Amino acid sequence: DTEVTQTPKHLVMGMTNKKSLKCEQHMGHRAMYWYKQKAKKPPELMFVYSYEKLSINESVPSRFSPECPNSSLLNLHLHALQPEDSALYLCASSQGRGASNEKLFFGSGTQLSVL
Amino acid sequence: LAKTTQPISMDSYEGQEVNITCSHNNIATNDYITWYQQFPSQGPRFIIQGYKTKVTNEVASLFIPADRKSSTLSLPRVSLSDTAVYYCLVGGPLYNQGGKLIFGQGTELSVKP
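For the record, the sequence lines run as chains G and V. What the first sequence shows, in the working numbering, is residues 1 to 115, in sequence order. What the second sequence shows, in the working numbering, is residues 1 to 113, in sequence order.
Treat the hints with care, as some may be off.
As the list claims (entries may be wrong) - Result set (DMTMM-like, lysine to aspartate or glutamate): computed pairs, CA atoms no more than 20 Å apart in a straight line:
#1 G/K103 with V/E58
#2 G/K40 with V/E108
#3 V/K3 with V/E17
#4 G/K41 with V/D67
#5 G/K19 with G/D85
#6 G/K38 with V/E108
#7 V/K3 with G/D85
#8 G/K40 with V/D82
#9 G/K41 with V/E108
As the list claims (entries may be wrong) - From chain G, some residues computed to sit far from chain V (all C-beta separations above 12 Å):
#10 I56
#11 S71
#12 A80
#13 D85
#14 L90
#15 G109
#16 L115
Since the hints were made in silico from the structure, they are not lab data. In this text, all values refer to a predicted model and were calculated from it rather than measured experimentally. Ideal placement from N, C-alpha and C gives every residue a C-beta, glycine not left out.
Starting from the given sequences, assemble the full structure and let the hints guide the process.
The following block contains the structure:
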């Protein structure tokens, strides 16, 4: 199984809502990532978890809260988002060994619209 | 962190060979070069990786000169379904970068009938 599964595929939420994005992989990978991608732009790194510990937070606003309950799951909790947060949110995983030839495996993403 | 530079866009016709060159002048000695393909509203997916000379798989070839300051992704006989954005990345997501693998602007390839 070389899949990274993200749910939901689409999400529409108001600025006062609380929602969560979910990501799952069963490849035994120990590093998991959240990226944000705006239309016609490259993915931008948000968070990195390595062995279930948050290792990178790219100065992301606190209205985004990541969680890694175990080595297979990654969540992104959303609260009080702004319309400019509308984007494709991508989850990725990698082996986590820190090798230069380590590959990223991406999910299909959650297309988020904030009204 | 090794920065990459690619053409923003390229056009081609079905059946042609497409070559996309990526410049990475400050590549480190142990860095691998990895190319990803992304279709609209999907996540990037790995297509090929190499360290030096030439690598070929079922979908593409990767040419890396001896100085490794650039690399060229070659797509043989493209079809409409190869229309996508192609990203060149240097190094692993955690290797020497603490997770900060930066995506460059990518090359938007448009294949026409």
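Q. Can you give the numbers of the hints that this structure goes against, from lowest to highest?
A. 3, 4, 7, 10, 14 and 15
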